[in-house]
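There are 2 protein chains.
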Amino acid sequence: MRSPVGHADVPARPGREIPEATVARLPVYLRALTALVDGGTATCSSEELAGAAGVNSAKLRKDLSYLGSYGTRGVGYDVDYLRYQIAREIGLTHDWPVVIVGIGNLGHALANYSGFRSRGFRVVALLDAATTRHEELVAGLEVRPFDELEDIVGTQSVAIGVIATPAVAAQDVADRMVAAGITSILNFAPTVLSVPDGVDVRKVDLSIELQILAYHEQRKTGQLPTEGASA
Amino acid sequence: MRSPVGHADVPARPGREIPEATVARLPVYLRALTALVDGGTATCSSEELAGAAGVNSAKLRKDLSYLGSYGTRGVGYDVDYLRYQIAREIGLTHDWPVVIVGIGNLGHALANYSGFRSRGFRVVALLDAATTRHEELVAGLEVRPFDELEDIVGTQSVAIGVIATPAVAAQDVADRMVAAGITSILNFAPTVLSVPDGVDVRKVDLSIELQILAYHEQRKTGQLPTEGASA
Numbered sequence: 155m156r157s158p159v160g161h162a163d164v165p166a167r168p169g170r171e172i173p174e175a176t177v178a179r180l181p182v183y184l185r186a187l188t189a190l191v192d193g194g195t196a197t198c199s200s201e202e203l204a205g206a207a208g209v210n211s212a213k214l215r216k217d218l219s220y221l222g223s224y225g226t227r228g229v230g231y232d233v234d235y236l237r238y239q240i241a242r243e244i245g246l247t248h249d250w251p252v253v254i255v256g257i258g259n260l261g262h263a264l265a266n267y268s269g270f271r272s273r274g275f276r277v278v279a280l281l282d283a284a285t286t287r288h289e290e291l292v293a294g295l296e297v298r299p300f301d302e303l304e305d306i307v308g309t310q311s312v313a314i315g316v317i318a319t320p321a322v323a324a325q326d327v328a329d330r331m332v333a334a335g336i337t338s339i340l341n342f343a344p345t346v347l348s349v350p351d352g353v354d355v356r357k358v359d360l361s362i363e364l365q366i367l368a369y370h371e372q373r374k375t376g377q378l379p380t381e382g383a384s385a
Numbered sequence: 155m156r157s158p159v160g161h162a163d164v165p166a167r168p169g170r171e172i173p174e175a176t177v178a179r180l181p182v183y184l185r186a187l188t189a190l191v192d193g194g195t196a197t198c199s200s201e202e203l204a205g206a207a208g209v210n211s212a213k214l215r216k217d218l219s220y221l222g223s224y225g226t227r228g229v230g231y232d233v234d235y236l237r238y239q240i241a242r243e244i245g246l247t248h249d250w251p252v253v254i255v256g257i258g259n260l261g262h263a264l265a266n267y268s269g270f271r272s273r274g275f276r277v278v279a280l281l282d283a284a285t286t287r288h289e290e291l292v293a294g295l296e297v298r299p300f301d302e303l304e305d306i307v308g309t310q311s312v313a314i315g316v317i318a319t320p321a322v323a324a325q326d327v328a329d330r331m332v333a334a335g336i337t338s339i340l341n342f343a344p345t346v347l348s349v350p351d352g353v354d355v356r357k358v359d360l361s362i363e364l365q366i367l368a369y370h371e372q373r374k375t376g377q378l379p380t381e382g383a384s385a
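Sequences listed follow chains A and B, in order.
Going by my numbering, the first sequence opens with residue 155, and the numbers climb by one from there.
Going by my numbering, the second sequence opens with residue 155, and the numbers climb by one from there.
No lab work stands behind these hints, which were simulated from the structure alone.
One or more of the hints may lead you astray.
Same chains, same names: a pair is fine if it fits in one copy or spans any two.
[Unchecked claim] Here are the simulated lysine to any residue pairs, SDA-like style, with alpha carbons at most 20 Å apart:
(1) K374 with G274
(2) K374 with V349
(3) K357 with G258
(4) K374 with H248
(5) K216 with E202
(6) K213 with A293
(7) K213 with E202
(8) K374 with V355
(9) K374 with S311
(10) K357 with G228
(11) K213 with P350
(12) K357 with R179
(13) K357 with G269
(14) K216 with V322
(15) K374 with S199
(16) K213 with A175
(17) K213 with P173
(18) K216 with A323
(19) K374 with R287
(20) K357 with T176
(21) K374 with G230
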């Protein structure tokens, strides 16, 4: 990693609480910065970075100020160093062992998803309750019985579990994950999970972005539904 | 659909511009309302609905006011009717034909994803450039050659395309989609697409939620990265 430009006086961990909305944008900035680094860009203005990330530049500057990153007047941000700062803030500069439970098509896709590995998420086990899936090799890992969950979480210090099962199985899987010591769950199953305090759950609904597109598409075409317009 | 309770005087389409952040929350409300309907709930307070959707109730009330939905004092919202109002606002009360391009594991998972169909998105074609995948039956559809894109978009009035190809192929697929007349693209490929004005692109990055979990997990465990804390 290159040495920082113009950031030497700024404490790297100001210790401030970062607002949740800013936390949610940090991965987006990280992705934009990685694209800039890959494209050979060494420094960029807040406007350039904001454009690449799809936010306005005032919001970007405010967000980055929580990290103690203010750029350098007339130079902008050191792309490589800022990427490092954000990765460190998120916690991606160390390794996160992850288990995926439910190795259907989505589980397969997640196991093979390069975006996990490149951000420090290391899939250490693929588990499925169906014996027909066991011993299948997916992304270089053998699919294991779900009953090995506790063992794997304990021996590999797994803190993050990914649920890619059908909805009906998801709560049981979450309960077993929590009992085994997992404290963060990424849920792809189309159901709401209930977990004890201290366990974080985030849900990915693959249809939400499609619904947002439909909203705009409907307005573009001027095509309104034919059902009664009012009660 | 049941007749509305306490909404009769409120115009169903106030014609106001809905803020983008509200648009993004409408699918979340819709999901919560569907769960309430499925659980047999007929009316609910804004607090109950806000809790189910994971937002605060003031924000919920503000969001729903854009739809002309204010609930009834002492009664709350008619769950079934509110669900219909939101579905209509998003455009889900009519049918959206969708094509999916790239039928690897993720494409398989998307083709089988029940959350699309239940929201009015009808997958009309699965396309892949690889001849080895052609004629395979996925979710009741035969995988077709990518070259049939223009034909299918034209004959089936497809406005929305889903890209589930590797990153390297995604821009070419997007260009072909746009040339064929598609005006909304949902991009799962880990790359930024460039499209002309008037075409909407939304990107799903499966790792972003995982990164947000990592941020909180890091703070829970007090585990800080070992790299130099400051420049």
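To see whether the hints hold, each was checked on the structure:
1. In the homo-oligomer, the alpha carbons of K374 and G274 lie at most 20 Å apart only across protomers (18 Å), although the nearest pairing inside one protomer, at 40 Å, exceeds that limit.
2. Within a single copy, K374 and V349 get their C-alpha atoms only as close as 41 Å, which misses the 20 Å cut-off; across copies the closest is 16 Å, which meets it.
3. Taking the closest pair of Cα atoms, K357 and G258 come within 20 Å of each other only inside a single copy of the chain (18 Å); across copies the shortest separation is 23 Å, beyond that limit.
4. For the identical chains of this complex, K374 and H248 are inter-copy neighbours only, at 15 Å across copies versus 45 Å inside a copy, given an alpha-carbon limit of 20 Å.
5. For the homomeric pair K216 and E202, the shortest alpha-carbon distance inside one copy (15 Å) is at most 20 Å, but the shortest distance between copies (33 Å) is not.
6. With identical chains, the CA atoms of K213 and A293 are never at most 20 Å apart, being 39 Å at best within one copy and 43 Å at best between copies.
7. When the C-alpha separation of K213 and E202 is checked against a cutoff of 20 Å, the pair qualifies only within one copy, where the shortest distance is 13 Å, while the shortest distance between copies is 32 Å.
8. Taking the shortest Cα distances, K374 and V355 sit within 20 Å of each other only across copies (14 Å), while inside one copy they are farther apart (35 Å).
9. In the homo-oligomer, the alpha carbons of K374 and S311 lie at most 20 Å apart only across protomers (14 Å), although the nearest pairing inside one protomer, at 50 Å, exceeds that limit.
10. Taking the closest pair of Cα atoms, K357 and G228 never come within 20 Å of each other, the shortest separation being 41 Å inside a single copy and 32 Å across copies.
11. Neither within a single protomer nor between protomers do K213 and P350 lie at most 20 Å apart by alpha-carbon distance, with minima of 34 Å and 25 Å respectively.
12. Taking the closest pair of Cα atoms, K357 and R179 come within 20 Å of each other both inside a single copy (16 Å) and across two copies (14 Å).
13. In this homomeric assembly, K357 and G269 come within 20 Å of each other (Cα to Cα) both inside a single copy, at 17 Å, and across copies, at 13 Å.
14. In the homo-oligomer, the alpha carbons of K216 and V322 never lie at most 20 Å apart, since the shortest distance is 42 Å inside one protomer and 33 Å across protomers.
15. Proximity of K374 and S199 under a CA criterion of 20 Å is satisfied in neither setting, with 33 Å inside one chain copy and 34 Å between copies.
16. When the C-alpha separation of K213 and A175 is checked against a cutoff of 20 Å, the pair qualifies both within a copy, at 11 Å, and between copies, at 15 Å.
17. Both within a single protomer and between protomers do K213 and P173 lie at most 20 Å apart by alpha-carbon distance, with minima of 12 Å and 17 Å respectively.
18. Taking the closest pair of Cα atoms, K216 and A323 never come within 20 Å of each other, the shortest separation being 42 Å inside a single copy and 35 Å across copies.
19. In this assembly of identical chains, the alpha carbons of K374 and R287 never lie at most 20 Å apart, being 45 Å within a copy and 34 Å across copies at closest.
20. Within a single copy, K357 and T176 get their C-alpha atoms as close as 18 Å, and across copies as close as 19 Å, so both meet the 20 Å cut-off.
21. In this assembly of identical chains, the alpha carbons of K374 and G230 never lie at most 20 Å apart, being 38 Å within a copy and 33 Å across copies at closest.
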